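Single-letter residue listing:
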Amino acid sequence: MFSIHESELPGIGQKFQIITRSGDKLVIIIHDDGRREMYHFDHDDPEDSISMISLDDNEARQVAAILGGIIYKPKSLENIEVALDDMVIEWYKIEPGLPCIGKTIGEAQVRKTTGATIIAIIEKDHSKVINPGPERVINEGATIVVIGEKEQIKACKKLIKSGSV
Amino acid sequence: MEHIVLEIGFALALMAAAGLLASNLKFSIVPLLILVGMLVGPHAPHLGVIDFRFIASAPLIDFMGRLGVLFLLFYLGLEFSVSRLLKAGRTILTSGIIYMAINLTLGIGFPLYLGWPLRETLVAAGVTTISSSAIVAKMIVDLKRTANPDTEIILGLMMFQDVFVAVYLSIVSGIVLTGATSFGKVTGATLVALGFMLGLIIVGRKAVSVLNYLLDLPSDELFLLALFSLITLVAGFSETLHIAEAIGALLTGLVLAETRHVQRIERLVVPFRDFFGAIFFFSFGLSIDPLTLGGAVGPAIIAVILTLLGNFVAGLLSGRSAGLSLRASANIGLTITSRGEFSIILAKLAKQGGLLPFLQPFIALYVLILAILGPLLTKESKKISKLLSRFIKWEANSRAIHYDR
Numbered sequence: 001m002f003s004i005h006e007s008e009l010p011g012i013g014q015k016f017q018i019i020t021r022s023g024d025k026l027v028i029i030i031h032d033d034g035r036r037e038m039y040h041f042d043h044d045d046p047e048d049s050i051s052m053i054s055l056d057d058n059e060a061r062q063v064a065a066i067l068g069g070i071i072y073k074p075k076s077l078e079n080i081e082v083a084l085d086d087m088v089i090e091w092y093k094i095e096p097g098l099p100c101i102g103k104t105i106g107e108a109q110v111r112k113t114t115g116a117t118i119i120a121i122i123e124k125d126h127s128k129v130i131n132p133g134p135e136r137v138i139n140e141g142a143t144i145v146v147i148g149e150k151e152q153i154k155a156c157k158k159l160i161k162s163g164s165v
Numbered sequence: 001m002e003h004i005v006l007e008i009g010f011a012l013a014l015m016a017a018a019g020l021l022a023s024n025l026k027f028s029i030v031p032l033l034i035l036v037g038m039l040v041g042p043h044a045p046h047l048g049v050i051d052f053r054f055i056a057s058a059p060l061i062d063f064m065g066r067l068g069v070l071f072l073l074f075y076l077g078l079e080f081s082v083s084r085l086l087k088a089g090r091t092i093l094t095s096g097i098i099y100m101a102i103n104l105t106l107g108i109g110f111p112l113y114l115g116w117p118l119r120e121t122l123v124a125a126g127v128t129t130i131s132s133s134a135i136v137a138k139m140i141v142d143l144k145r146t147a148n149p150d151t152e153i154i155l156g157l158m159m160f161q162d163v164f165v166a167v168y169l170s171i172v173s174g175i176v177l178t179g180a181t182s183f184g185k186v187t188g189a190t191l192v193a194l195g196f197m198l199g200l201i202i203v204g205r206k207a208v209s210v211l212n213y214l215l216d217l218p219s220d221e222l223f224l225l226a227l228f229s230l231i232t233l234v235a236g237f238s239e240t241l242h243i244a245e246a247i248g249a250l251l252t253g254l255v256l257a258e259t260r261h262v263q264r265i266e267r268l269v270v271p272f273r274d275f276f277g278a279i280f281f282f283s284f285g286l287s288i289d290p291l292t293l294g295g296a297v298g299p300a301i302i303a304v305i306l307t308l309l310g311n312f313v314a315g316l317l318s319g320r321s322a323g324l325s326l327r328a329s330a331n332i333g334l335t336i337t338s339r340g341e342f343s344i345i346l347a348k349l350a351k352q353g354g355l356l357p358f359l360q361p362f363i364a365l366y367v368l369i370l371a372i373l374g375p376l377l378t379k380e381s382k383k384i385s386k387l388l389s390r391f392i393k394w395e396a397n398s399r400a401i402h403y404d405r
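Which chain is which? The protein sequence lines are Z and V, in order.
Per the working numbering: the first sequence ends with 165, consecutive numbering throughout.
Per the working numbering: the second sequence ends with 405, consecutive numbering throughout.
Derived from the structure by calculation, the hints contain no laboratory data.
In this text the structure is predicted, and so the values were computed from the model without any measurement.
It is possible that part of the hints are untrue.
Distance windows between CB atoms, simulated [said to hold, decoys possible]: (1) R264/V / S162/Z: 49 to 55 Å; (2) L114/V / N58/Z: 54 to 60 Å; (3) M52/Z / G19/V: 24 to 30 Å; (4) I18/Z / K379/V: 24 to 30 Å; (5) Y213/V / E6/Z: 52 to 58 Å.
From the structure, some residues in chain Z lie toward chain V, with a derived Cβ separation under 8 Å [unchecked claim]: (6) S7; (7) L9; (8) G11; (9) I29; (10) S49; (11) M52; (12) D56; (13) E59.
All C-beta atoms, glycine included, are put in the ideal place defined by N, C-alpha and C.
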């Protein structure tokens, strides 16, 4: 069973103890000075840490980005989401054959029918458009970044994939 | 030597060398600072021109050491929060009570058995009961034990002791500094001390918005001046009421922790705490005449043994009641034995209050032994608990501690 326990270590920092579904125990300590430590505990002896790694703030953020799939998106996952309160940011690649290819954002009626908003488009050639207007055309191979509430995002995904909500 | 700046320069160089040695030996800096201080104190022998005794600069070093106490305790107040303690919950309360019941009883019983007077007994009990949270927390980080299940209990226990220190120190300083011996006077001094604490906390709570506004200073220079004047004024004022200045600084920290400037204060104060804190340990060493240590060896060693036993048993019981394994429980008892800053604050208090002179060498030896032995025991706790597990056996309880939020 997956669980996270958070507790305070006064004078040192914050402790997060994670038991993964596969039964591994991982403890992450965030020191007040920004240092992070990760301890991996022995399966059979939960009191002995087998390995530990110390990261500074910068390194920890890089590792977090890698673990979070922001740098490389695992193939088996459809999309990546970042949640801010109840808002969610997701991004999808426009695969060949999708009904929205060639339409403008306005024509696709993303906001009108789903409530979600396309906040950026990253084209195949890596050129970026921040806050694209309704006249912007959705091209094959581009990645669109969408923000909205969970339900809106869900509807938007359906719209992009199948052409209707 | 008569050139004060040069003398201070030598003193700092010696301290830096002690620190370097400590870090090379992977050892706590505290005992080395005290030792170096003792070696070059006014009682040290001098050979003709080569005279390392810090005489001209002694009052200055002493004063900087006092500032060290203020910063140490101010920072403690800043870091301390009642909500944290409450959140830690029953486990900590149980361990704290177990710890105090065992160790305070030993701490009071032993000096009384030796026939020491009341005030000396109270100081000695504080010295032997209160661990050094500075050394303990540093050891846990250095030995990479932050993730251990026993660490939460140890740190909780330190927090519990911090509350105890605040109350105990204010009461004892009231009694020691007023020279009260009769029952009525002791009660009076105690009430004044508690009243002062409560008063300052209540006034401080009301003043938070004013402090927020007053400390809204863009320049760090002004900010530091305002901050330090606040600390020294409150500390100095509390001394006029015969309450240890350290308590004044601690309370200032508690109050300022409620302001929105707390992070800036922490960031700015830490270097001063580290610098003057080191001078504090050194200046304590300076005040000890190594030749007087001889007479204190007996009581100091017995006190050390009692402390080790008391702490170990308290640690085992605390760990057990929290559902930890034998090894984790033994870890608790072996980690909390280090003594340091609080014991020395009490030693200085005893000197200020003119208590019997045998206390100083007793405390010096006691702190030295435990500041050296404590970290060693912590380091070797694995072997010790392995040895122990041959005689005692219990399994970790399945409800093992992690206090959920």
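Going through the hints against the structure:
no. : hint                        : result
1   : R264/V / S162/Z: 49 to 55 Å : 54 Å, holds
2   : L114/V / N58/Z: 54 to 60 Å  : 57 Å, holds
3   : M52/Z / G19/V: 24 to 30 Å   : 26 Å, holds
4   : I18/Z / K379/V: 24 to 30 Å  : 28 Å, holds
5   : Y213/V / E6/Z: 52 to 58 Å   : 34 Å, violated
6   : S7                          : 6 Å, holds
7   : L9                          : 5 Å, holds
8   : G11                         : 5 Å, holds
9   : I29                         : 5 Å, holds
10  : S49                         : 6 Å, holds
11  : M52                         : 6 Å, holds
12  : D56                         : 15 Å, violated
13  : E59                         : 17 Å, violated
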